[in-house]
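Protein chains: 4
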Amino acid sequence: MAGNSFGTLFRITTYGESHGAGIGVVIDGCPSGLVLDNELITTDLQRRKPGQSKITTQRKEEEAYKILSGVFEGKTTGTPISIFIPNKDQRSKDYAHIKDSFRPSHADYTYTEKYGNRDYRGGGRSSARETAARVAAGAIAKMLLAHYGINIQAYVSQVGPIKLDKEKIDLNITESNIIRCPNKEVAKEMITYIEQIRKEGDTVGGIVSCVISNSKKGLGDPVFDKLHADLGKAMLSINAVKGFEYGSGFDAVLMKGSEHNDLFTKDQEGNIVTTSNHSGGIQGGISNGMEIHFRVAFKPVATVVKKQDSINKMGQAEIISGKGRHDPCVVPRAVPIVEAMAALVMADHLLRDKTVRL
Amino acid sequence: MAGNSFGTLFRITTYGESHGAGIGVVIDGCPSGLVLDNELITTDLQRRKPGQSKITTQRKEEEAYKILSGVFEGKTTGTPISIFIPNKDQRSKDYAHIKDSFRPSHADYTYTEKYGNRDYRGGGRSSARETAARVAAGAIAKMLLAHYGINIQAYVSQVGPIKLDKEKIDLNITESNIIRCPNKEVAKEMITYIEQIRKEGDTVGGIVSCVISNSKKGLGDPVFDKLHADLGKAMLSINAVKGFEYGSGFDAVLMKGSEHNDLFTKDQEGNIVTTSNHSGGIQGGISNGMEIHFRVAFKPVATVVKKQDSINKMGQAEIISGKGRHDPCVVPRAVPIVEAMAALVMADHLLRDKTVRL
Amino acid sequence: MAGNSFGTLFRITTYGESHGAGIGVVIDGCPSGLVLDNELITTDLQRRKPGQSKITTQRKEEEAYKILSGVFEGKTTGTPISIFIPNKDQRSKDYAHIKDSFRPSHADYTYTEKYGNRDYRGGGRSSARETAARVAAGAIAKMLLAHYGINIQAYVSQVGPIKLDKEKIDLNITESNIIRCPNKEVAKEMITYIEQIRKEGDTVGGIVSCVISNSKKGLGDPVFDKLHADLGKAMLSINAVKGFEYGSGFDAVLMKGSEHNDLFTKDQEGNIVTTSNHSGGIQGGISNGMEIHFRVAFKPVATVVKKQDSINKMGQAEIISGKGRHDPCVVPRAVPIVEAMAALVMADHLLRDKTVRL
Amino acid sequence: MAGNSFGTLFRITTYGESHGAGIGVVIDGCPSGLVLDNELITTDLQRRKPGQSKITTQRKEEEAYKILSGVFEGKTTGTPISIFIPNKDQRSKDYAHIKDSFRPSHADYTYTEKYGNRDYRGGGRSSARETAARVAAGAIAKMLLAHYGINIQAYVSQVGPIKLDKEKIDLNITESNIIRCPNKEVAKEMITYIEQIRKEGDTVGGIVSCVISNSKKGLGDPVFDKLHADLGKAMLSINAVKGFEYGSGFDAVLMKGSEHNDLFTKDQEGNIVTTSNHSGGIQGGISNGMEIHFRVAFKPVATVVKKQDSINKMGQAEIISGKGRHDPCVVPRAVPIVEAMAALVMADHLLRDKTVRL
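Residue numbers (numbering that gives the first Met the number 0), protein chains in the order written: chain H, 0 to 357; chain Z, 0 to 357; chain A, 0 to 357; chain F, 0 to 357.
No lab work stands behind these hints: they were computed from the structure.
What you are looking at is a predicted structure, and each value in this text was computed from that prediction instead of being measured.
You can trust all of the hints, since none of them are fake.
The list makes no distinction among identical chains, and a pair is therefore deemed to hold if it is satisfied within one copy or across any two copies.
Computed cross-link-like contacts, SDA-like style, restricted to lysine to any residue with a CA-CA straight-line distance of at most 25 Å: (1) Lys305 / Ser320; (2) Lys165 / Ser175; (3) Lys98 / Leu35; (4) Lys353 / Tyr147; (5) Lys255 / Pro160; (6) Lys98 / Thr264; (7) Lys48 / Ala145; (8) Lys312 / Gly73; (9) Lys322 / Ser257; (10) Lys255 / Asp164; (11) Lys322 / Leu262; (12) Lys183 / Gln152; (13) Lys98 / Val34; (14) Lys305 / Thr264; (15) Lys165 / Leu253; (16) Lys98 / Gly314; (17) Lys265 / Glu112; (18) Lys216 / Arg356; (19) Lys187 / Ser52; (20) Lys87 / Glu72; (21) Lys255 / Glu184; (22) Lys167 / Ser208; (23) Lys216 / Leu357; (24) Lys215 / Ser100; (25) Lys48 / Glu62; (26) Lys322 / Glu258; (27) Lys265 / Lys306.
Model the full assembly from the supplied sequences, consistent with the hints where possible.
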């Protein structure tokens, strides 16, 4: 069944495997007249790129994207925007040894069960490389949102046991360190921790937090397509994500209604605001104008150098050990992916909201 | 924008407000030839029904559903199944006092911002009453899943600070107590706690866990429509939900890859299974045949008897205090809703999976 | 597969069989704030109703519709509008004799082949009764279009060999005669012809033409969802329709480009118009502001009193003869159905057009 | 609004303009395990290609397609198949003179009204070049259909006044002449006629007929997604199409029910068949196993060498005369496009049909 599209009005379709000709995305529904910011696409692809620092995989992907359609004289035309990113540095041979293997906690086994075959080179369609296409499309979505003043910023708030205290956040410095943590000291700790994990031949999980500021009021639908439900699906569709929470999240379980409720008041300009924001900017599935914030849990990368028991395609026991070039912790590179998926959801609901009143 | 449908092949559309003629659902895409189990619909609606016990709201809704189409001589015909549930016990006057109010952490304000008007009687379309339609549709989905041997069971695993230990679960007794906790002692504690909260005029949050057993292998799509992404959206679309996690969930953050990976082995019948199940039965977005399990966080109900500051439609400050008949804790009644939404997702992916191979 | 919805942003889902509890429609995506004109729904349902005149079936359906949701204090709220039309005058026994029969050129055989069963009472889901739900929804779409000044009028332009000359049309008198022909003399001829056909125990085909005036410019999409492609699908989805053409239609085949082209000029108010309208108001799939016009061919009704050879479910030869109460010619009752489907397409594209520019 | 996708389960998304980098298509939902027939793609693209004969445009497009994803070791993998066709021979300068012009009966005016801008080079997105992407995707659909024994053949049945008699058809010779008419003598007449029209600097319309043989029974949905409704939309979405009819089509208007009905009988193998086929192989929207046949009317190409009055973007009167390289008659090149769109509809319904029974 066709399952490679995301969004309804601002809709993307991605394609491509990690070791074929390349990956790409078609963005359908982007309004005409938007000035294209090529640098933003480049920057976001660089932020996602493997090999960008000592704590990411050393595998190098050159992200030379091409815009194949939908842009004329520097502006979107309202027709589908097609972006292609060729695969480079394809060492298919690196994967010959896993041709018949089911790597633990990868998609090898389930994919084979579903389709009866699989492109075993680097995970094929299940490779996280697919997310580069999302990042490119997300950059276009960010341009649309920026036109309406909406801004999205994600950052790393936890790596293994090392947590970032909410009070110590300076979003201006997120990109100043390779872990993308908006606090210098915590960033250092995280980096040191990851380097140690890497030396052990192991991997570790983490959390990416995201803030959407200056969100318009009224975005989101009241029933199935609640804004946070669509954000949740978007995040859970990213490789290695295990959980999603927004506003108070799982902590809400411990709170009483009288504590949890966000009371309405007016700010100095007379706008209706809330005195707290346990709602995370969304009430009844619809944005209320306060900051939208949510958190995304990532599991440790499944490829580890340590030896592990497994079963192969022929049903035989075998020992597996990661030989590829992989990340010890996925979260620094996940930051732009979280932003991209959030931007796609917001752009979609921005357009949807244009049709609900006479 | 049309946002009242859920699912692609097994697709439901719901309608109705808490205080109009009634609510309903149209189920489109249910295969023909399925024997209808009317009792299951009745039972599940009763489990969701308000006023079912001392720890739920005393508001009474009589859930006398009618099947308007799609069933002939006791079997589904392949045409849309329409189920209507009339509203009874409609005390619209109960809501006259909130006509112009924006109740804290309800959808009153955002809904008005979005649509420019609102049916203020009992939350209108944003009322949790809409979920009765989902439960009815979910019962049909459960029948379809049962035909393929798939079983879904949800239960309450936490109320405020009271947690259920994983080792102490007996799913056979979930329905034997009014809190729907699969452990007698913990159930008692939870009930006592909720009664105390109610006396305080307050409310409290909780967690509903869900287990899907005997799931087929190969359900779910590898990219956007990952099985857990669709389950996540389904859960996050339920009123009052703040977070979703599956398998190891947020705990995965603290784990190392070598601990987290689920190793493949063979069971006594020679089937490929995993020795642990941090994957929660889903790898790369596709079911692997192990038990699927996930957890859903509910916030405390927003309507509290305690007085709270707010702003009304005219922009004036006002004091709000809940007078309606509301639940002190939503989780016992949320159990069948979680099951229903899970069933809808599984039924949809079951049908989708029929089309991926020649 | 779910196939009972139509439209993307202004989206309807219908359900119901000719002899169950009733039929209905859920309209999702209608903007909030639209004043509901109940009389229009009633009028259009009456225009489609069987038994309305001597040249239609004498079967009586009382079209007492109920609005179950989506309207509050006389206006749409932006939530799904559910309309239910109960079945009355259900003489299921009339159909006992065709329980195992495959009536020639009905859906009995194909439906059984597809679903493995069938609700044989009156055609079940394949009955033209389903179109009453479309007419009710179409009335809502007409209200939305009227808000923007768009008007839709259909009429009978041919019955068997009796054609209406384009020059002799007065759309003000369409509803003044039972055949719905906008010319008194031709109407009389058509009626006489149909009465004769009825006496023969036979049926005859016809053409319904439709004009959409004051259409906004810019409606329709340039590729797959061309305005006329969506209108075509809408019309072809009506029971008994065999063909669709717009503007010059099949006559264009005989024309040369230099004759067929519609030259641009300016009218007295300085608006860009075309000097001819072979385009039928649509160029490149997008409306150009000129009158949209198209024609829909209906086959003769399949139920005839004359005896016909057939095969039954058991594979045995049998003789079939229509005993039900059926129309000798479907076109007079098809007029409001054509209008309704046209309105649904136009309403959908009106909403879609709101999202294509910044 | 996103409108560049077609189909539900076998779903394509196209992109690209006539004078950008190229055009392309992403096919989502093609089952895994299908052996790819590259030659069929090449052949069908050649059949659609401009410049293939003296009666088509002399503009040359080299259709060197690339498959970017979805195929591994010669078979489809179940992931999206992306096909890209680079633009060659791009004489953008040819179009500088029409930058501000609204060519009569082209999409220039409506496109500008809708989007507020336009890529004026060769029609941009509205160019028939987009159909090359459909033809490539249609070839994949044909491979899937061939696996199930379903075969699609289109041919030219009318050019201007020159009609092909139904009795004189030999589908084996369709491709033996440049007009693609399955009768040698009529082909010659058509070619002579078109050459004469070309000399006049004019263009002419025509009809493409299509036959689908060995169609499975049970394809199509009974309500909105009737098989012929989806075929009709598919055809009407092709550039220059003005009408669609299936089976008896517009001729049904003149027939009586007793003549039109297709009586059921058994053939020599005991299969249920009909003695005539006015239904065109589809009853109640669902295929009955007989040959499916339909006809598509094409208008004369809008670009003529003759001078024509028009209005430009600035609202000024101007004279327009075609200078580009265009076809005198579109039908020979439309044959593979009609087949491709038919194949896409059939492939979609083939997959949809897999989900309607337990």
